[in-house]
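Q: What follows is each chain in one-letter form.
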Amino acid sequence: MDNFQELLHGFTIAITVPHLALMVVGVLLGILVGVLPGLGAPNGVSLLLPLTFGMQPVSAIILLSSMYWGALFGGSVTSILFNIPGEPSSVATTFDGYPMARDGRPTTALATAFGSAAFGALIGVILITFLASWVAQVALAFGPAEYFAVYFLAFASFVGMGGAAPIKTVVALAIGFAIAAIGIDTVSGSVRLTMGVDELVKGVNFVVAVMGLFGIGELLVAVEEEFHARAVSSKIDWREVFRAVGRLPRHSVALLRSAAIGCWMGITPGGPTAASFMSYGIARRFSRRGRYFGTGEVEGIISPETADHAAGTSALLPMLSLGIPGSATAAVMMGGLMIWGLNPGPMLFVDQKDFVWGLIASMYVGNIVAVVLVLLTVPVFAALMRIPFVIIAPLIVIICVVGAYSVSNSYLDVVMMLGFGIVGYLFKKLFYPLAPLVLAIVIGDKAEDAFRQSMLMSKGSLGIFFANKLVTCLIVAGIALVLLPLVLQLARLGRKPASPTSETTAQEKVII
Amino acid sequence: MISRRALELATAVLTGSFGVAVVVSSLDNGIGWSSAGVDSGTFPFLTGIIIVLGSLYNLVRGILPVATLANIPVAVTPTEMRRLAGLFVPAVIFVAAIPLLGMYLAAALYIFAVLAIPMHQSVLRSLATAAATALALYFVFERMFQVSLPHGALAAAFGF
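Keeping their order, the protein sequence lines are chains A and B. Residues 883 to 1394 in my numbering are what the first sequence lists, from first letter to last. Residues 106 to 265 in my numbering are what the second sequence lists, from first letter to last.
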C-alpha cells in the first residue's frame, strides 16, 4: 500500500500544467524522430539532453521519457503506412502491419498497433510500480561485489539472449568498456588510453558515440535503399479505431504472452528490438493462424508491438532501481541522470522520492497522451514522409554534427562522431549489436569501479565473488548465460552432426 | 561491389586493431596488482585482450565458407556504394570545412551543394533551403539556447 500512496503523490507531481505541456512537447518530438528514418529514440534523447540542464530533474526526465514513448509510437506509424521502419524495434511490425494497411485497412492496423502498444506499456509501468521499489530495497544492501555481479549478469544476458551472434556481442561490449576507460581513471587519477591525443583526457562522451552509431550509421544504412514512400491512405476513421481496440481482448493470450516476453527482455537487458522479434517469432509458431503471418494478421501486429513497448517501458526498471539501463535509450537517459547530479540506483528511492514517483506516474499519463497525440497527428507525420529523403538526409547529418559539437564545444567530438558513424554502419550491416556497446560506454566506469573496490576489499582474491549466496547466484547465472549460446550450438551439433553451423541468428533470419 | 566476406574481414581487422591499440596503451598504466589495489591498466588490458580474441574468432568465421554467408555473398552493390558515397563524402567535406567557414556557412553550402549539384532541386529552391537551414540553426542555438556554434577562421578574420 505504501507504493500506492507514493504513486498518488507522484500523480500530483506529474499532472500539473507545465508537466503535461512537457509531455505533449516530448511526445511530439518523439514521434518526429521516430518517424524519420535515421533519427531514433537514442539520438533524439541525446539531442534534447543539453537543453534539460537548466530544468528540475523531474521535469527533465518527464520530457525525455515522453520523447521515448513518442518515438516508440512514431516508429510503428511509418512501419505500417510506408513499410519503412522508423525505429529498429518496429521492423517486426512491418511484416503484418504494412500488408494489412495495403489491403485497405490502415486504420485497423494503426489502431491495433497503438492499442496493443499501450497495453504493453501499461503492463511495463505496473511492473515498475510494484517491483522497482522492492528491487531497490534489496539493492540497498549491495556491496561492490554484488554490484559487479549484477553488472556482469546484465552484460551476460546480452550475450546469452540479445539475439545477435554471441561473439559479436562480446566484441561490441568490450569495445564499449575500452571506450569508457579512455580519459582520466576515476580511482587512481592517471590518464589512460589517450593514444597521444591530449584532448581525449576528458574521455569520450556517450552522446558523441550515440550520434554517430545510431544517427550517421542508420542514415548510411537507410540511404542504400532508395526510398519510395508509397503511402497507403493515412486517413483515420475514428469509428474503426474504437472497433479495432474493442476487438483486442479476443487476442488476450497473444497480448499477455507478448507483454511477458517484453517485460522480461526489458529488465534483463535484451532491449525492445530483440523483444519484438522474439515475440513475433513465438507468435508465428504458436498462433493457430501462424501460417497466415506476413499477410496482414492481427496477431502479427499485436505481438511485436506489445513486446516492443513492454520492453521499452520496463527497461527503466533496472535503470531506476539498480543503475543498469535496459536499453540504449535508457542508457542515454541514465547518462542524463548523472549529469543532473542524481545517482541512479537504489538510493534514488530514498533520497529522490519525488523524482522517482513523479517519473513513474508520468509514465501512466505520458502513454495516454502519446496514444491520443499519435492518432491525431498520423496524417501530419505521414505528409512529412513525402519530403524526399535527399533533403532529409543532409538535415539529419547537420543535426548530428551540431548535437555532437554542443556536448562540450569540441571539434574533435564532431570528427569522432563521423568515425562512430562508419563503425555504426559496419556494425548494423554485419549484425553486431549496438545497444550493448552504448550500455558499456555509459556504465563501463561504474562496473570497473565496482570490480576494483571488491578487489581492494578482498585484497586481490576473486573469492569475494563467491563469498555469499546472493553474489554466487548472480555470478553463476551470469556465467550460465554467457555459456548458453555455446551449449545450444553443441546440442544442435550433437543432434545433426552434418548440419552446417548457422551464423545467422533468429533476428538476421527474419531480416533476410 | 563489396562481398559480405570482405566486409566481415574488414570489420574484424578494424575491431582487432583497436583491441591491440588498447592492450599496448594499457601497458603504460601498469597491469596487475600493486599496493594501491588493481592497477589502472588492468581493466582496459583485459577488455583489449577480449576484443582481440573475439575479433580473431570473427575473422576466422568470416573466412570460412559458411553456408549462410554464401547465401548473401554481396553486401554492398555498386549502386548502393554510389549512394553511400553520395551521402558520406559531402558530409566529410562539410565537417572538414567547419573550422574554416564556421558551422552556419558550412551547413548552408553543404545543403546547397547536395541539393543543387545532383539537381534534386532547382538552384533557387536549393538556395532557399540552405538559407533557411542556416537561419534556423542560428536562431535555435545562438538565440534560444545560448549555445555558441563555431563561427570559423574566416569569420574571425573579418572580425566577427
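By construction, these hints were calculated from the structure, which means they are not laboratory data. Heads up, some of the hints might be wrong.
If we take Cβ atoms under 8 Å as the criterion, some of the chain A residues that face chain B in the derived model are [unchecked claim]: (1) Met937; (2) Phe1059; (3) Leu1102; (4) Val1127; (5) Leu1308; (6) Lys1310.
Derived pair list, reagent style SDA-like, types lysine to any residue, alpha-carbon separation capped at 20 Å [to be verified]: (7) Lys1117/A <-> Leu914/A; (8) Lys1235/A <-> Met937/A; (9) Lys1341/A <-> Ser139/B; (10) Lys1310/A <-> Met186/B; (11) Lys1235/A <-> His891/A; (12) Lys1235/A <-> Leu914/A; (13) Lys1310/A <-> Arg109/B; (14) Lys1117/A <-> Asp985/A; (15) Lys1310/A <-> Ser139/B; (16) Lys1311/A <-> Ser139/B.
By construction, the Cβ of each residue, glycine as well, lies at the ideal position given by its N, Cα and C atoms.
Q: Decide, hint by hint, whether the structure agrees.
A: Consistency of the hints with the structure:
At about 12 Å, the closest approach between the beta carbon of methionine 937/A and any beta carbon in chain B exceeds 8 Å, and the interface hint on this residue is violated. About 4 Å separates the beta-carbon of phenylalanine 1059/A from the nearest beta-carbon of chain B, less than 8 Å, and the hint is met. Among the interface hints, the one on leucine 1102/A holds; its C-beta lies about 6 Å from the nearest C-beta in chain B, closer than the 8 Å criterion. For valine 1127/A, the suggested interface contact is broken, since its CB lies about 38 Å from the closest CB of chain B, more than 8 Å.
The criterion of a C-beta within 8 Å of any C-beta in chain B is met by leucine 1308/A, whose closest approach is roughly 5 Å, and the hint holds. Evaluation of the lysine 1310/A hint against chain B yields a violated restraint, the C-beta minimum of about 11 Å exceeding 8 Å. With a CA separation close to 18 Å, the supplied pair lysine 1117/A and leucine 914/A stays within the 20 Å bound. At most 20 Å may separate the alpha-carbon atoms for a hinted pair to count; lysine 1235/A and methionine 937/A meet this at roughly 17 Å.
Restraint check: the Cα-Cα separation between lysine 1341/A and serine 139/B comes to about 10 Å, which is no more than 20 Å; the hinted pair holds. About 16 Å separates the Cα atoms of lysine 1310/A and methionine 186/B, which keeps this hinted pair within 20 Å; it holds. Pair hint lysine 1235/A plus histidine 891/A holds up; C-alpha atoms about 10 Å apart against a cutoff of 20 Å. Taking the CA atoms of lysine 1235/A and leucine 914/A, the gap is about 32 Å. The hint is violated against a cut of 20 Å.
Proximity of lysine 1310/A to arginine 109/B is assessed by CA-CA distance (about 13 Å); at most 20 Å being required, the pair is judged to hold. About 14 Å separates the Cα atoms of lysine 1117/A and aspartate 985/A, which keeps this hinted pair within 20 Å; it holds. For the given pair, lysine 1310/A sits about 41 Å from serine 139/B by alpha-carbon distance, which is inconsistent with the 20 Å threshold. Distance check on the hinted pair: lysine 1311/A and serine 139/B sit about 43 Å apart at the alpha-carbon level, beyond 20 Å; violated.
Violated hints, listed in ascending order, are 1, 4, 6, 12, 15 and 16; each of the other numbered hints is respected by the structure.
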